[in-house]
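J.: Below, each chain spelled out in residue letters.
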Amino acid sequence: MKKISALLAITLSIAVLITLSAISASAADKTVKIGNIIPLSGPSASVGQQGKNAREMAVEEINAAGGIASLGGAKLQMVYADSESKPEKGVGEAERLINTEKVSILTGCWNSAVTYPTTAVAERYGIPFVVPVSVADKITEQGFKNVFRIAAKDSWWTRDQFAFMKDMQAEFNTKIVKIAFVYENGDWGQGFAKQWKKLAAEAGYEIVLDEPYPSTSTDLSPIVQKIRRSKADVLMMVSNAIDAILLTNTINEYKVSLKAIITSGGGHADPSFLKAAGKNAQYLFDIVEWETDVNKAGAKEANEKFKAKYGSNLTGEAVDAYVAMYVIKDALERAGSIESDKIRAALASTNLTSGPGMIVGYDAVAFDKTGQNKHASLVMVQVNDIGKGLERITVWPKNARRAGYTPVFPKP
Amino acid sequence: MTGKDIAKEAQIQVETNDSTLLRKKIEKLSLLLIAGLAFGLPLVMRSPTYLHIVILIYFYAYLTTSWNMVGGFAGVLPMGHAVFIGTGAYTSTVLSLQYGISPWIGMIIGGVIATFIGILIGLPTFKMRGAYFALATIAFAEGMRVMVENIEYLGPFQLNGPRGLQIPPLNTGLSNFMFANKEPYYYIILVMLILVLGITWFISRSKLGYYLNAGGEEPEAAMALGVNVSRAKLIAMAISSFLTALAGTFYAQFSLFIHPKSIISLDLSFEIAFIALIGGRGSIAGPILGALLLRPVSDFSRIYFGDVFPGLHLVIFGVVLILVMIYQPRGIQEPLTRIYEKIVDRIVAKYSRGVTA
Amino acid sequence: MLFILEDAINGILMGSIYGLTAMGLTIIFGVLKVINFAHGSLLMIGMYVAYWTVALTGIHPYLSLFIVIPAMYLFGYYLQDIVIKPIFKAEKDVREPITVIIVTTGVWYILDNMTLLFFGPQYRSIDDNPLKGKMMELGEIMISVPKLWGFVTATITAFAIYYFLQYTRMGRAIRATSLDRDAASLSGINQYKIYNIAFGMGTAVAGIAAVTLVPFYNTFPSVGVLFDIKGFIIVVLGGLGSIHGAIIGGMIIGLIESVGPQFMAATWTEAIVYGLFLLVLFVKPSGLFGVKYDW
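Those protein sequence lines, which keep their order, are chains A, B and C. Per my numbering, residue 97 is the first one in the first sequence, and the count goes up by one each step. Per my numbering, residue 179 is the first one in the second sequence, and the count goes up by one each step. Per my numbering, residue -13 is the first one in the third sequence, and the count goes up by one each step.
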């Protein structure tokens, strides 16, 4: 009894110490509070941490550059809440951030399943909600006035994946006939698959496999066997990190011959994916919103800084979060107020074309009537080793392709 | 026995009668006080955040009280009650989204369906004991979640598979079971909680409660006495699943979004069982006390530690679980009841001394 | 036909590893009569121990067994001694103390999230281990080498434990305690010591399972949860407390998971697993190889 109490007491006192050190960091200056609901523990903790790091970096830069000038140099103050990837936690946290923390703007939540109900809360209170990345079409199609999304929506992702396939066939004179779809059985995967099926039918491809799998699978070799036996030319995937790693490794083990693997960000864009899958990921095509080799002023510097600070490259999704902070800053500058209506109006008339945060591949951030960033565009990258270890190399659209690189297609 | 003795005896009788009467009075008064506090709370607590937290405390207290009829009185450990929450939530939501039926009606229909499912689960599983029963209910709940995740359409009803269902927050009003602010939800769940407590109180004093108790402790002995234990358990299961499903509808209308991973999740089933065990299972006050302790612990530790030290809040939650179980294996209800009794004793003593003096 | 054979082999190999992950659970239940909800977390801890041992020293993954087994045994021994024993002492007269379930769940939360705090959410795998990605080709049939190693390890472990329980003095003491703890303590067996040893053994076996997983699987804080529910199903299917029941139960699950998807969507095989589980439970509540207790 005594031993255990001592043990638990130690655990608790560590906890208390940690908090005390954390709390002391609150500022007293004029601030604008931004609430961020992201998964920091639970199954999506890895992505959540990426998003948090990117936000932190942007906010540090903004504050160091003098904060919001039109608000008398007010600093941005970040409040983070852990959703654990659970909708009910997200909703509860949104309530708290709005009512108790009195945040002026909300951002989040990565998991579409958390984003839906949470944006509904924001809409009810009329608090502007900036969604850096949650790709389901539905999010900006709920008729909400307060929701603004930086990332492209899934119908654009899938559209570009098919456009890419078409261009590649023409460029390399290789015909793709049979395609296989493998995706996690969730909101995200199902959303992509629905679009894929439509696009495949329009383009006249033969769908040889349409396979959702539970994201809690411990053995994915049965799925890989199905891919192998389907004799598909191209495999398209939507996966979280853990299953992306497992699938990629297993596909290689079984020597599945495919002309190309086209993936959809998420797990395949997670920095730990490349580390864990290693050479097995070579020649894979992934669709992202941003890549480290993007031809844009400041992009390289931002990535170096991020890498030095947090030990991994910026991912497309992290950049969405990074840009979101600059979009918020821009809107606050123009609103000159922290009243929700004014911020909302300012966000709606956003047309951010330059400035330190604009490291994205496209020219401007501006929202359409539904709150969707209408300029958001995507690039395809290929994982390959051109002498400096495995890296992600932009290959499509052709005008964005890294100079001197020829994509490897079909996969040798 | 002399006349004097008789007189003395009678006096003692009167005195004890007096003090039991007094006890009853104090009990009634404190209950009234608590009820008054509960009903008046939204007048004082204006912050929707805290109201939200309190609503969830009541919600969990309600769920745990419903659970208690099987898990507490019948002496088994159901670990899959999320099945019934899911049934209630999905039934009322599908009916209101697709057919425009008021969630209040859907709530009752969901309850009836859940009752059938409860009996279906109970019939074979009540033969099992201990670990097997717990694991069987887990398997039922998980199996149900997998089914819902795989079903896009169940006949004419759209379940939407893993994507879940979203209720557009448009038509507020009592008949739509949807409100723009927290207070109506607060009062609805409060009334539901009071009703379910009343039902539990009634059952615990009825023949059914006696049978359940007997069957939970010594099933063989009870059966030898001619008590139909498994029938009593089935009735308890039916009531419990019906009541649990009602809370499912409440949850759907409160959060306006349901999907299998959140509403038929093991986390939810486990949390109900934890609250019951921490509070003290088989007692009426246990679920409420358990919810009052555990919910704030998990909410506030997540709020304060969630951003800087991801996961720390669950460490704290785990520590609390272990501590309570080691020091109060019968739940916090036991020491608290003792303290309450002591206070009442003192008041009674003081009062009766005052009378005789 | 060959396809099915190939899938069946994969299912049996993977299933034996599932069985190994569940074996510790069944050992602990057999003696203590409690379900250890922290078992997945113990597996996770084992994976981290194995991962770091291999990552830091660069030895063959299976050589890490020499570190993992003793480390995990001690961890389990003291976990039971310090955290769980007090509850048994407090509830001496209860045959299956339900409160222990709560305590082990508390342990689960603490271990998983402490790991998250210390090691972060990253997925870790050992890139250049000699087993990673190795395949054996028998004509058309491909067999994963690390899974084959896992299968052999699972079989050896099962036999070793069976032998230990049947033919050693300590093993007999453990079995005596599992059959009747009061009688055992009357005949001079220290019941709580046996509990510690059984818990240590169960944890060590989770460590062995962890070593078989590390060469081809990823290590991360919530990895245990993926194997947790599967473990419960396996041990009940095979019969709680039965060693060979765990292995065979695991193989059944592995077979369904591996062969099933060739006939339906993979997401439905999960439902089949639960369905079969419930069916067995109704027909033979003590599981396929379980000893019939009074439930």
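A few of these clues could be false.
[Said to hold, decoys possible] Footprint (simulated), chain C over chain A, 3 or more residues, beta carbon under 8 angstroms:
#1 140 to 148
#2 315 to 327
#3 336 to 343
#4 346 to 358
#5 370 to 380
#6 492 to 498
Because the hints were derived from the structure by calculation, they are not lab data. Don't be surprised by glycine CBs; every beta carbon is placed ideally from N, CA and C.
J.: Now look at each hint and say whether the structure bears it out.
T.: Structure-based check of each hint:
no.: 1; hint: 140 to 148; verdict: holds (count 4)
no.: 2; hint: 315 to 327; verdict: holds (count 7)
no.: 3; hint: 336 to 343; verdict: holds (count 4)
no.: 4; hint: 346 to 358; verdict: holds (count 4)
no.: 5; hint: 370 to 380; verdict: holds (count 4)
no.: 6; hint: 492 to 498; verdict: violated (count 0)
Comparing the model with each earlier hint shows a violation of hint 6 alone; every other hint is respected.
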